[in-house]
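Listed here are the chains, written in short residue letters.
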Amino acid sequence: MLVLKILGGILIIISSILIGLIKAKDFEKRTADLRDIISILQVLETEICYKSNILSVAMLNCAQLKSGSNTASFFKRASELLENRDMSSEEAWHEAVTKNIKKTSLREEDLQILLCLGNSLGTSDYEGQIKNIGFIIKQVDGQVAKADAECSKYQAMYRKLGILSGIAVVIMLF
Amino acid sequence: MGVDIIFKIAAIGIVVSILNQVLIQSGRQEQAMMTTLAGLVIVLMMVAKQIMTLFETVRTMFQF
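Sequence lines, in order, name chains A and B. Mapping of the first sequence onto the working numbering: position 31 corresponds to residue 31, and the numbering continues sequentially without gaps. Each number in the working numbering corresponds to the 1-based position in the second sequence with 1000 added.
No wet-lab data here; the hints were simulated from the structure. It should be emphasised that the depicted structure is a prediction, and the values quoted were computed from it without experimental measurement. Treat the hints with care, since some could be wrong.
To be verified - Cut-off 25 Å, straight-line C-alpha distance, at most; resulting in silico cross-link-like pairs (DSS-like, lysine-lysine):
hint: 1; chain 1: A; residue 1: K76; chain 2: A; residue 2: K138
hint: 2; chain 1: A; residue 1: K160; chain 2: B; residue 2: K1008
hint: 3; chain 1: B; residue 1: K1008; chain 2: A; residue 2: K5
hint: 4; chain 1: A; residue 1: K138; chain 2: A; residue 2: K51
hint: 5; chain 1: B; residue 1: K1049; chain 2: A; residue 2: K5
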């Protein structure tokens, strides 16, 4: 009986430690996702500027370059939508982003910045595009700095919280 | 009754104070206060149970 109790207690502590770790990892992943978006946007800028590919091909190339991360799924979906259906590029981007944001660890404010990108995508000439993408990259840069600060602050906190709440629950149950 | 309730209260006290410090350090003072209050309520509930038993015992004592 005592062995079962101890085993149960250990299981509770391990699971709450894991919950703390998962929450802490979410902050890390947000920073990584934001950095990914910056690099993909820079590749997109290069594609538009130097290769003059059409949007759907450019986006597909970008997505293939970084096919490991989740943020590439925005670009892949947007390029599929542009090729298959008759939507404007703004709508295609909007739909791709809102549908796939759940897969990444990005938040509401990041979503708004990404939707901003869609506003002038495919509308102006290529210099306007470059300026637009450059502007969005700057904004995402600002978010990366903020996310970094948050990350370091909250990561340690969530880990400790996990351990402590596990211990608290076990003590109360015994 | 035994000593294990005393140990439980002491352990809850320690855990609550560590949680308090961790939350204050990371800037969330309201949540720190909430956890302190929660710990206090839990300990009060445990003590209240014991007091109930005490009253019952005293009552049965005086009824012979």
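A quick look at each hint next to the structure:
no.: 1; hint: A:K76 / A:K138; in the structure: holds, 23 Å
no.: 2; hint: A:K160 / B:K1008; in the structure: holds, 21 Å
no.: 3; hint: B:K1008 / A:K5; in the structure: holds, 16 Å
no.: 4; hint: A:K138 / A:K51; in the structure: holds, 23 Å
no.: 5; hint: B:K1049 / A:K5; in the structure: holds, 23 Å
Violated hints: none; the structure is consistent with every hint.
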